[in-house]
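Peer 1: Work out the full structure: start from the sequences and follow the hints.
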Amino acid sequence: MPDTVRINKLLIANRGEIAVRVLRACRDLGIPTVAVYSDADRKALHVRYADEAVYIGGSRPAESYLRKDVIIQAAKQTGADAIHPGYGFLAENADFAQQVIDEGLVWVGPSPRAIAVMGDKQQARTAVTANGVPLIPGTPAGLLDDDLIAAAYEIGFPVLIKAVAGGGGKGMRAVHDPKDFAESLATARREAESAFGNGDVYVEKLLVGARHIEFQILADMHGNTIHLGERECSIQRRHQKLVEEAPSPFVDDELRRKMGEMAIAAARSVDYVNAGTIECMVDKDKNYYFLEMNTRLQVEHPVTELVTGVDIVKEQIRIARGRPMTPQENVMKPRGWAIECRINAEDPYANFMPSTGKINTMITPSGPGVRVDSGVYAGSEITPYYDSMIAKLITWGETRSEAMLRMRRALAEYTIMGLKHNIPFHINLMNSFSFIAGQVDTNFVETRFSMDTYEDPPTSQDLETAVIAATLYAHRKRQLASQVVGPRQRDASNWKWISRWERMRK
Amino acid sequence: MPDTVRINKLLIANRGEIAVRVLRACRDLGIPTVAVYSDADRKALHVRYADEAVYIGGSRPAESYLRKDVIIQAAKQTGADAIHPGYGFLAENADFAQQVIDEGLVWVGPSPRAIAVMGDKQQARTAVTANGVPLIPGTPAGLLDDDLIAAAYEIGFPVLIKAVAGGGGKGMRAVHDPKDFAESLATARREAESAFGNGDVYVEKLLVGARHIEFQILADMHGNTIHLGERECSIQRRHQKLVEEAPSPFVDDELRRKMGEMAIAAARSVDYVNAGTIECMVDKDKNYYFLEMNTRLQVEHPVTELVTGVDIVKEQIRIARGRPMTPQENVMKPRGWAIECRINAEDPYANFMPSTGKINTMITPSGPGVRVDSGVYAGSEITPYYDSMIAKLITWGETRSEAMLRMRRALAEYTIMGLKHNIPFHINLMNSFSFIAGQVDTNFVETRFSMDTYEDPPTSQDLETAVIAATLYAHRKRQLASQVVGPRQRDASNWKWISRWERMRK
Amino acid sequence: MKYVTILDGESYEVEIDKDGKITVNGEGRDVDFLALSPSLYSIISDNRSVQLVIDDADGTVEVLMKGRMYETQVLDERALMMAQRRGGLGSSSGDVQAPMPGLVVAVPVNVGDAVEKGQTVVVLESMKMQNELKSPIDGVVQTVTASAGQSVNKNDLLVTVTPPEE
Amino acid sequence: MKYVTILDGESYEVEIDKDGKITVNGEGRDVDFLALSPSLYSIISDNRSVQLVIDDADGTVEVLMKGRMYETQVLDERALMMAQRRGGLGSSSGDVQAPMPGLVVAVPVNVGDAVEKGQTVVVLESMKMQNELKSPIDGVVQTVTASAGQSVNKNDLLVTVTPPEE
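Going line by line, the protein sequences match chains A, B, C and D. Heads up: the first sequence is residues 1 to 506, going by our numbering. Heads up: the second sequence is residues 1 to 506, going by our numbering. Heads up: the third sequence is residues 1 to 166, going by our numbering. Heads up: the fourth sequence is residues 1 to 166, going by our numbering.
No lab work stands behind these hints, which were simulated from the structure alone. Where hints are given, some of them may not hold.
Claimed, not checked - DSS-like, lysine-lysine: derived pairs with alpha carbons at most 27 Å apart:
hint: 1; chain 1: D; residue 1: K117; chain 2: A; residue 2: K179
hint: 2; chain 1: B; residue 1: K358; chain 2: B; residue 2: K286
hint: 3; chain 1: B; residue 1: K68; chain 2: B; residue 2: K9
hint: 4; chain 1: A; residue 1: K286; chain 2: A; residue 2: K333
hint: 5; chain 1: A; residue 1: K76; chain 2: A; residue 2: K314
hint: 6; chain 1: B; residue 1: K358; chain 2: A; residue 2: K43
hint: 7; chain 1: D; residue 1: K134; chain 2: B; residue 2: K43
hint: 8; chain 1: C; residue 1: K154; chain 2: B; residue 2: K477
hint: 9; chain 1: A; residue 1: K179; chain 2: D; residue 2: K134
hint: 10; chain 1: B; residue 1: K68; chain 2: B; residue 2: K314
hint: 11; chain 1: B; residue 1: K43; chain 2: A; residue 2: K477
hint: 12; chain 1: D; residue 1: K21; chain 2: B; residue 2: K76
hint: 13; chain 1: D; residue 1: K18; chain 2: D; residue 2: K66
hint: 14; chain 1: B; residue 1: K333; chain 2: A; residue 2: K314
hint: 15; chain 1: C; residue 1: K21; chain 2: A; residue 2: K43
hint: 16; chain 1: C; residue 1: K134; chain 2: C; residue 2: K117
hint: 17; chain 1: C; residue 1: K66; chain 2: A; residue 2: K9
hint: 18; chain 1: C; residue 1: K18; chain 2: A; residue 2: K43
Unchecked claim - Simulated coverage check for chain A against chain D, where a stretch passes if three residues somewhere in it have a Cβ under 8 Å from a Cβ of chain D:
hint: 19; region: 103-111
hint: 20; region: 118-131
hint: 21; region: 186-194
Note that the coordinates shown come from a computational prediction; the quantities given were computed from them, not determined experimentally. Positions of the beta carbon are idealized from the N, C-alpha and C atoms, including for glycine.
Peer 2: This is how it looks when you write it as structure tokens:
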């Protein structure tokens, strides 16, 4: 039986919305917080909301958020006795977890061994197979290019090239035609090398028309391991999730029971403790395969929170303290429906190109059934140093259709100006018949969705309103330009200009 | 059995947060919306969020939001077939309700007769007494000043002077000492005359140390009348509610059962249909008295929504359509706890003086368990024409203490700049031991709470931080002032100034 | 630059050198002070992160921090000397101005009346509420420019009170 | 003032008189057009209330309304004449600029190459993603100023494409 420890102060080794999310949980628990920040983040919301904030270096992650020693030093210096890693950065770094524990601090996460095993795709496959978990056919890691191409032929195209160290779609490429294999392999290795410092990849069978469905696991030090039901994450682009929901419109009680048992078996294969996620692919015939385990808090955890009533971050802290977790049973009957849209600084009209800049106007949606997890505000700067997700918009409803209607409403309310973002993408997605019907797979966005065509075309009134607005805009701009006085006129009345300038300063 | 009618488009005869709240419900139901607006509200959020918006006149309520004919004309003109009145303005105007019905539109509210009876304090007392509802001892309406003073002596001081047409604390005065009676009476009559065009008042016994507790009623056209449990509204100042919670820390199951039955009996006494609220006073010995019935949606309805899961505005629309309401049983076991803080543009450091101005910065709290119902945004103007409530912050928790911790957190996150507001009041209230212990009555804020004293005094570190900040602020301001160039220097380089001015314009 | 800053009757000597380094009563402080928006500031000092609303009026710098108001007076050397010569710090003004547009309902004082700090001198109706404007100081009513029934604009001077002769 | 505004290949004649009154193809329209913040506008027209994001670039006025993008060209009389003289409306530029700071990973084209609209001409790494920058037009690569391994700033010109001779 583990000892219960106190957490007197907690350091969050992260930034952005997830740092704010963890801060909020600590506030709700009455635990004082320490934020860490880079040069680019002095004005960031997590720094503003934390009780203490420690500067840890330059804007690039390698200069700050990835510096293990500096972060541990920040905890020591402020008297923090626990570290929550969020997701990304050092969250799945077993060495860091070990270092935290060796320094006598509480690590809010699973054991370094569980992180290491699940972080290595091959070790993970070996571990879960021992517990009877089904896998997608694939190769081991460490093969040379020639062996990989041979294996790909053996598995049969289409195949997926995946980075051994990967996550979040980086270093991942689908190959449908054998002739594209060499080029895709090179790109995947390059991306993996650049993102993780490790260019090793492996190949596995690509399931066509399959869904990405994952199970939320919670496990405490008292031997309890449960699942909180599934999340549907098939709305992806280039293997990056864009929309998640809970429950999945595809999962019935029987499939939930079977997959849930499998997910628990997978977690138990590494004696998992704390919150984690079992990612699976599910084909049209409801065959399911273990993809990987994410040994951390997941971006999309809020949809599970809204349909289970469990505050997953609070439970993480509770579990890390050695206490029994609050929920004790698998969630077989989620309450209502929740949908999350990831709000990214990416231009859906320009191939989802990331956008940087300063947010000059922001109206955040609220009201019944709406939650926003965000790390930005009007006045904050989106820099090129970190990933492009700036907020998560989550809605809840009694039914899937109520959750969708609320999401449409919330998206219409959400106003973010100053940079390009993907809210228009989400608005169009929520109007797409396939999405409304829940008929999606992981290729839906890339192959069956477009920002240029609408199932419900604009009315002539819409077109006319756009024309009028564009014309008035151009007209005003032209008038404004004609009012700009030329240099000769300016000299006449210096004083007027000065007073005008002074008025501007106020 | 009533016919079910369709609502194809709904007009909201209101402004501010409650107009936004009703708009959101319509959006969630897929019903197109029409907003109405005055000169002052062209940029208001309810105008931005509605599908259609009709200009109805000048900024003063009498020139716009109180113009019955113009509002009904706006509905006709846009093809709206239903009107939701929100609260305030015409919400409890029986003539307006009748006019709406006579025009063949759906009135989202109770019958004109129920409004009329409950709107007249004396008729209301007569009606509910017939159903065995207990009343506070008091006088009838229409008495002259001399008769009122005589009656006051008979009832026994302290007494309360109340406007017959009143609501929201206007035209209401507590009198503890007989010698103050005449002056308070004059003030109450003057306020009532100015607020409602009716200076008639009556006198009733003032219960000392009593709580304000109210029950939410829902009743449909199918003969169902239920309550959704109580709200505790004792945190008031000058009879204006500032904080509400559900459930009440004072109400046990037995009291809830008894008061709930009484509330249903009161509603049934006027054959009430739609959402309404029975306001009661409850003394220390759990004696309870009917105060009045509010025949409309209540400002504080969200706390009930959060602990019952019922969307009251959606139910109002459902009921108005003649459909059976969704909840069919009294709510005897609220789920968790909810607290609402009214965010008012009032300066708690200057006797709660209302404040006007433009909001230049706003960060709205969010995350788990937080809801904000607001009608403002950064850039919107708070004018002197309407009441000072600009938003409602509502938090939910499994327990009262979790809801309070979340409220503290949300208040700390809430940033509104550009005018004075009462968030500092709420922060201090949430730290007050009496509030934390739930030991409050309707006089708590005025008699036992202060913004100048803290139960937990500032640390020397806090004091020093304030001193450093103040000094740096003054220092910078001084430096800035010394940089303003004198007129002689300006002439030298006209071009520099122009380009500077042009940069400013961007 | 040397300042004396007064809070709750206590004086703090604050020195800010050209590089922005700060000492308080002679002890060095590590302070990162940043404007987030007009009136809104962030301080990180010895790792403590605090958000503050700062405004000034009539020589007082008001700092609102974690829901608490700290009223300070920041005096540079010249101001300190002048204040000491005047024989006291921070005597406040007796002007009563309209805090917002509204309608004057009543003016319950006359020129020459002795009034106490906190005594109502004007009743102003605005935002559907009757607001009682109080005298900021003990003293004598010097001028009354407001009258019942009059509409006034924000910052209009309504009543002035002067301190009693000593 | 008369304008011809083009949307989806269709031309609308829009006239705005000195009082701000508007006609579209000769029919009067009741329009209340208001700036809410930079680029954000509110229109109330015949009671319809719509929020729009409007921006312009290279002669195109982009209107984003209810999650949909409308690309328009607004031409006054002179611009219309010039466009007609040029023989066409709205030929777009062949410049490929860096949309954000980043690292050039690859430049898969050379000067003189024929490229199609939408063909990748530069791969730029930024925000931990590899972004493929495409040619905006069919044409021939005229200049290549970017090279693999190079760090570039926002708006740096990387490649220019000119339309093929006709």
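Peer 1: The structure should be examined with respect to each hint, and the outcome stated for every one.
Peer 2: Against the structure, the hints come out as follows:
| no. | hint | verdict |
| --- | --- | --- |
| 1 | D:K117 <-> A:K179 | holds (24 Å) |
| 2 | B:K358 <-> B:K286 | violated (45 Å) |
| 3 | B:K68 <-> B:K9 | holds (18 Å) |
| 4 | A:K286 <-> A:K333 | holds (19 Å) |
| 5 | A:K76 <-> A:K314 | holds (23 Å) |
| 6 | B:K358 <-> A:K43 | holds (23 Å) |
| 7 | D:K134 <-> B:K43 | violated (40 Å) |
| 8 | C:K154 <-> B:K477 | holds (25 Å) |
| 9 | A:K179 <-> D:K134 | holds (23 Å) |
| 10 | B:K68 <-> B:K314 | holds (24 Å) |
| 11 | B:K43 <-> A:K477 | holds (21 Å) |
| 12 | D:K21 <-> B:K76 | holds (25 Å) |
| 13 | D:K18 <-> D:K66 | violated (30 Å) |
| 14 | B:K333 <-> A:K314 | holds (25 Å) |
| 15 | C:K21 <-> A:K43 | holds (21 Å) |
| 16 | C:K134 <-> C:K117 | holds (7 Å) |
| 17 | C:K66 <-> A:K9 | holds (19 Å) |
| 18 | C:K18 <-> A:K43 | holds (24 Å) |
| 19 | 103-111 | violated (count 0) |
| 20 | 118-131 | violated (count 0) |
| 21 | 186-194 | holds (count 4) |
Hints 2, 7, 13, 19, 20, counting from the list given before, are not met by this structure.
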